Amino acid sequence: MSRLHVVSGKGGTGKTTVAAALALALAAEGKRTLLVEVEGRQGIAQLFETEALPYEERRIAVAPGGGGEVYALAIDAERALLDYLQMFYKLGSAGRALKKIGAIDFATTIAPGLRDVLLTGKACEAVRRKDRTGRYAYDHVVMDAPPTGRITRFLNVNDEVAGLARIGPIHNQAQAVMRVLKSPQTAVHFVTLLEEMPVQETVDGIADLRAAQLPVGGVVINMVRPEVLDEADVEVAANGSRAAVARTLSHALDRTGFGGTRHPGLAERLVDPLVAQAREHTERLALERRGRREIADLALPTYELELLGDGVDLAGLYRMARELRKQGVSE
Amino acid sequence: MSLDMASVLDVDPLLDNPRTRIVVCCGSGGVGKTTTAAALGLRAAERGRKVVVLTIDPARRLAQSMGIEELDNVPRRVPGIDASAGGELYAMMLDMKRTFDEIVEAHADEERARAILENPFYQSLSAGFAGTQEYMAMEKLGQLRARDEWDLIVVDTPPSRSALDFLDAPGRLGSFLDGKFIKVLMAPAKIGGRAGMKFLGVGMSVMSGPLNKLMGTQLLRDVQTFVAAMDTMFGGFRTRADATYRLLQAPGTAFLVVAAPERDALREAAYFVERLAAERMPLAGLVLNRVHGSEAARLPADRALAAAEALLDGSLLDGSSDGVLDGRFGPPGEALTAGATKTSENLDGSGIVDRDSGQAASRTARAPGTDAPTVPSTPESGLPQPAPSGATTAQDVTSQDPVASTARLTAGLLRLHAERMQVLARERRTRDRFTALHPEVAVAEVAALPGDVHDLTGLRAIGERLAHQTAEAIEATG
Numbered sequence: 001m002s003r004l005h006v007v008s009g010k011g012g013t014g015k016t017t018v019a020a021a022l023a024l025a026l027a028a029e030g031k032r033t034l035l036v037e038v039e040g041r042q043g044i045a046q047l048f049e050t051e052a053l054p055y056e057e058r059r060i061a062v063a064p065g066g067g068g069e070v071y072a073l074a075i076d077a078e079r080a081l082l083d084y085l086q087m088f089y090k091l092g093s094a095g096r097a098l099k100k101i102g103a104i105d106f107a108t109t110i111a112p113g114l115r116d117v118l119l120t121g122k123a124c125e126a127v128r129r130k131d132r133t134g135r136y137a138y139d140h141v142v143m144d145a146p147p148t149g150r151i152t153r154f155l156n157v158n159d160e161v162a163g164l165a166r167i168g169p170i171h172n173q174a175q176a177v178m179r180v181l182k183s184p185q186t187a188v189h190f191v192t193l194l195e196e197m198p199v200q201e202t203v204d205g206i207a208d209l210r211a212a213q214l215p216v217g218g219v220v221i222n223m224v225r226p227e228v229l230d231e232a233d234v235e236v237a238a239n240g241s242r243a244a245v246a247r248t249l250s251h252a253l254d255r256t257g258f259g260g261t262r263h264p265g266l267a268e269r270l271v272d273p274l275v276a277q278a279r280e281h282t283e284r285l286a287l288e289r290r291g292r293r294e295i296a297d298l299a300l301p302t303y304e305l306e307l308l309g310d311g312v313d314l315a316g317l318y319r320m321a322r323e324l325r326k327q328g329v330s331e
Numbered sequence: 332m333s334l335d336m337a338s339v340l341d342v343d344p345l346l347d348n349p350r351t352r353i354v355v356c357c358g359s360g361g362v363g364k365t366t367t368a369a370a371l372g373l374r375a376a377e378r379g380r381k382v383v384v385l386t387i388d389p390a391r392r393l394a395q396s397m398g399i400e401e402l403d404n405v406p407r408r409v410p411g412i413d414a415s416a417g418g419e420l421y422a423m424m425l426d427m428k429r430t431f432d433e434i435v436e437a438h439a440d441e442e443r444a445r446a447i448l449e450n451p452f453y454q455s456l457s458a459g460f461a462g463t464q465e466y467m468a469m470e471k472l473g474q475l476r477a478r479d480e481w482d483l484i485v486v487d488t489p490p491s492r493s494a495l496d497f498l499d500a501p502g503r504l505g506s507f508l509d510g511k512f513i514k515v516l517m518a519p520a521k522i523g524g525r526a527g528m529k530f531l532g533v534g535m536s537v538m539s540g541p542l543n544k545l546m547g548t549q550l551l552r553d554v555q556t557f558v559a560a561m562d563t564m565f566g567g568f569r570t571r572a573d574a575t576y577r578l579l580q581a582p583g584t585a586f587l588v589v590a591a592p593e594r595d596a597l598r599e600a601a602y603f604v605e606r607l608a609a610e611r612m613p614l615a616g617l618v619l620n621r622v623h624g625s626e627a628a629r630l631p632a633d634r635a636l637a638a639a640e641a642l643l644d645g646s647l648l649d650g651s652s653d654g655v656l657d658g659r660f661g662p663p664g665e666a667l668t669a670g671a672t673k674t675s676e677n678l679d680g681s682g683i684v685d686r687d688s689g690q691a692a693s694r695t696a697r698a699p700g701t702d703a704p705t706v707p708s709t710p711e712s713g714l715p716q717p718a719p720s721g722a723t724t725a726q727d728v729t730s731q732d733p734v735a736s737t738a739r740l741t742a743g744l745l746r747l748h749a750e751r752m753q754v755l756a757r758e759r760r761t762r763d764r765f766t767a768l769h770p771e772v773a774v775a776e777v778a779a780l781p782g783d784v785h786d787l788t789g790l791r792a793i794g795e796r797l798a799h800q801t802a803e804a805i806e807a808t809g
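The listed protein sequences correspond, in order, to chains A and B. Position 218 (the first sequence) corresponds to 218 in the numbering used here; numbering is contiguous. Position 387 (the second sequence) corresponds to 718 in the numbering used here; numbering is contiguous.
Don't read these hints as lab results, they were simulated from the structure. All values reported here derive from a predicted model rather than from experimental measurement. Do not take every clue at face value.
[Claimed, not checked] Calculated Cβ distances over 10 Å to all of chain B for the following chain A residues:
| hint | residue |
| --- | --- |
| 1 | 12 |
| 2 | 13 |
| 3 | 28 |
| 4 | 132 |
| 5 | 195 |
| 6 | 241 |
| 7 | 292 |
| 8 | 314 |
[Said to hold, decoys possible] Among chain B residues calculated to face chain A with C-beta under 8 Å, some are:
| hint | residue |
| --- | --- |
| 9 | 360 |
| 10 | 361 |
| 11 | 362 |
| 12 | 433 |
| 13 | 435 |
| 14 | 608 |
| 15 | 610 |
| 16 | 625 |
| 17 | 627 |
| 18 | 641 |
| 19 | 737 |
| 20 | 740 |
| 21 | 748 |
| 22 | 782 |
Built from N, CA and C at the ideal position, the CB exists for glycine as well.
Using the sequences and the hints, build the whole thing.
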């Protein structure tokens, strides 16, 4: 199976959270994963409730089910560039001179394409890295990648750069990175909600990836809401059984110490708003069904994660990881 | 609750004020920024202003909602708006490459322009390496403002990794242009002439080694050609970037920070508020999208849940006056959706039925044995307590037991309500934290819609919600 998991998704879909849960899921059974952040937001540190991540690989979590470990790394483009200069060109003080005159600034900000080269390059380096015994340093590398709208360009930037720098070390480095990214070692996953725009962006994003011959992984549907009532139920509650519902409600509230005799007529006044909320629920379910169909049409492995009512904390993250495993993400 | 303390953002005076010339919508990705910008633009136009909406996000749906198949780099008139107040609406979508090309064409002579446009380094840069977008958005805004054809420009900022990128772009460019690197790059060009450059010029003698090693001769040459060709334009870039930056600080500009009531989005919003203050840029307020409300807010989540559980687990039977009904129902567990909750032996049925309707319920409770719940229901929704008919109409086909079925339905309504109230509480906590940090920021809340916006009607509805804060706020806070 693939070893570099690139996790993308529209803003607000929980991309970082899903990437973290995936890293945990893949680390189970004694595996070691590296969770990589490329957008400098320190979202991983917040999720794992630790202080800001430095530019170094650091263990941040132990996976459920024995022995697995998750390491994390927030890639800083400037530091990565200096690393590269050191590693590949032994530039030493010349590297510092480059920094002094603003060349590093130039490379990492004004020509941010180079920045993307560094970010993807660093991740690919971690994928390929082996220890002395010849084992991979990490079984899996999970990247919390840029959002759907930018992912193809982000991953493909090395192609562009390899075209720009037609020979020389940058060319070679760019090509080496592209070889990893386009191989079956890599899988690009999309996180989506069952809402129109995120689903549309997912469909478009996958088409873009395929056009660029980048390997598509699976779709993670996040924040799925359980179906509590369906359309027929709501119709019955609104019309046929409205009075019975009102009485039942009144009684139930009364018996649990609210409403009833102390608030006469409360239950009756609550019925319509409650039914209206139920109607919104079924409208959303209808939209979700449509979204689910569109995603099913993609014929990709699909995983579903339920909405965590109180937001995602560490416990929620582990729960999501377990759920992903149960649905076969690590097979 | 705290909305009463935080001041309320009133968008209409802002949109109506002829001195308001630019409204910038900023915020992190996925919070409805683009939709907010479009809704504000439409509202301002229908209130009589001549508006252009500059969007960065290539959301086709939004373009279509404005009646335009594809938005491009030229402002297009939006048809179908209510122009009775004399307003007009235009919309355009930033095309980075096109904007960059236009700048080059406008500021370089023909030969030089061609040299730049054909340079491979330029082609990559302008095609949208991240970061160029922010700069080009600023550039476009400056252009639109300079044309002075519109009363009001509503800008939607790029979906950057962080909302702050947008503000940093001009400064970054400035610091680069002031930097030594560009002088080093330029040195051989100045010595060797811009066409055939020599790389061993004095300026490059120190750096050409490492740079060549790093970039390869050919790439370095492309970059140098590019920088050389852009040389004369850089001054203009710098001047315009500075001018646009000042424009953003001017009194005619209003920033609206857009967020959803979620932790990450509001954290970004808080950063942005602080940053705007530091840059002395005028913040009009915070637009909080997708806020949930409830018309039944007086019923708290825990009560609703307790009642729902009682309905499903039969605890309502305890001490119920309706013990007479016990055991007369079919197996109640079957009436409930599988796995809804642990169902106890006696379940809901009898316990929940009021004394006066108990008779009716017990009557029908036996009836479904026929398996033909065809009793026609009488329309009764208007009647508060129609004792006998209530139970007869519980003809939920999924259940043989109308009482259990009503219990399941009612429990479902209560559960949904409890979920809603939990969302409400979480949103309120998140918002309160923001308000506590930034009590000076006026807030406008926009209620969540079940689906996306597809047309002008939808945008108009959002504009309405944005503008009518007081009524909504009172409702929401009950």
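Comparing the hints with the structure gives:
1. Remark: the non-interface label on residue 12 (chain A) conflicts with the geometry, its nearest Cβ contact in chain B lying 3 Å away (cut-off 10 Å).
2. Listed as a non-interface residue, residue 13 (chain A) fails to keep its Cβ farther than 10 Å from every Cβ of chain B; the least gap is roughly 7 Å.
3. Distance check for residue 28 (chain A) against chain B: the nearest CB is about 27 Å away, which clears 10 Å, and the non-interface claim stands.
4. The Cβ of residue 132 (chain A) sits about 30 Å from the closest Cβ of chain B, beyond the 10 Å cut-off, so the non-interface label holds.
5. With a least CB separation of 7 Å from chain B, residue 195 (chain A) falls inside the 10 Å interface cut-off, contrary to its annotation.
6. Not every CB of chain B is more than 10 Å from the CB of residue 241 (chain A) (nearest about 5 Å), against its label as outside the interface.
7. No Cβ of chain B comes within 10 Å of the Cβ of residue 292 (chain A); the nearest lies about 15 Å off, and the non-interface call holds.
8. At roughly 14 Å, the least C-beta separation between residue 314 (chain A) and chain B is larger than 10 Å, which holds for a residue marked as non-interface.
9. Below 8 Å, beta-carbon pairs count as interface contacts, and residue 360 (chain B) has one with chain A at about 2 Å; its hint therefore holds.
10. For residue 361 (chain B), the shortest C-beta to C-beta distance to chain A is roughly 3 Å, which falls under 8 Å, so the interface hint holds.
11. Because the smallest distance between the Cβ of residue 362 (chain B) and any Cβ of chain A comes to about 7 Å, under 8 Å, the interface hint for this residue holds.
12. About 20 Å separates the beta-carbon of residue 433 (chain B) from the nearest beta-carbon of chain A, more than 8 Å, and the hint is not met.
13. Taking 8 Å as the C-beta cut-off, the interface hint given for residue 435 (chain B) is violated, the closest approach to chain A being about 16 Å.
14. Against a cut-off of 8 Å between C-beta atoms, the interface hint on residue 608 (chain B) is violated, since the closest Cβ of chain A lies about 21 Å away.
15. About 19 Å separates the beta-carbon of residue 610 (chain B) from the nearest beta-carbon of chain A, more than 8 Å, and the hint is not met.
16. Checking residue 625 (chain B) against chain A: minimum C-beta separation of about 7 Å stays under 8 Å; hint holds.
17. With its C-beta approaching chain A no nearer than about 4 Å, residue 627 (chain B) sits inside the 8 Å limit, and its interface hint holds.
18. The interface hint given for residue 641 (chain B) holds, since its Cβ lies 5 Å from the closest Cβ of chain A, which is under the 8 Å cut-off.
19. This hint holds: residue 737 (chain B) has a C-beta 5 Å from the nearest C-beta of chain A, less than the 8 Å allowed.
20. The closest approach between the C-beta of residue 740 (chain B) and any C-beta of chain A is roughly 5 Å, which is under the 8 Å cut-off, so the hint is satisfied.
21. With 8 Å as the threshold, the beta carbon of residue 748 (chain B) comes within range of chain A, its nearest partner Cβ sitting at about 5 Å, so the hint holds.
22. A least Cβ separation of about 5 Å between residue 782 (chain B) and chain A falls short of the 8 Å threshold, and the interface hint therefore holds.
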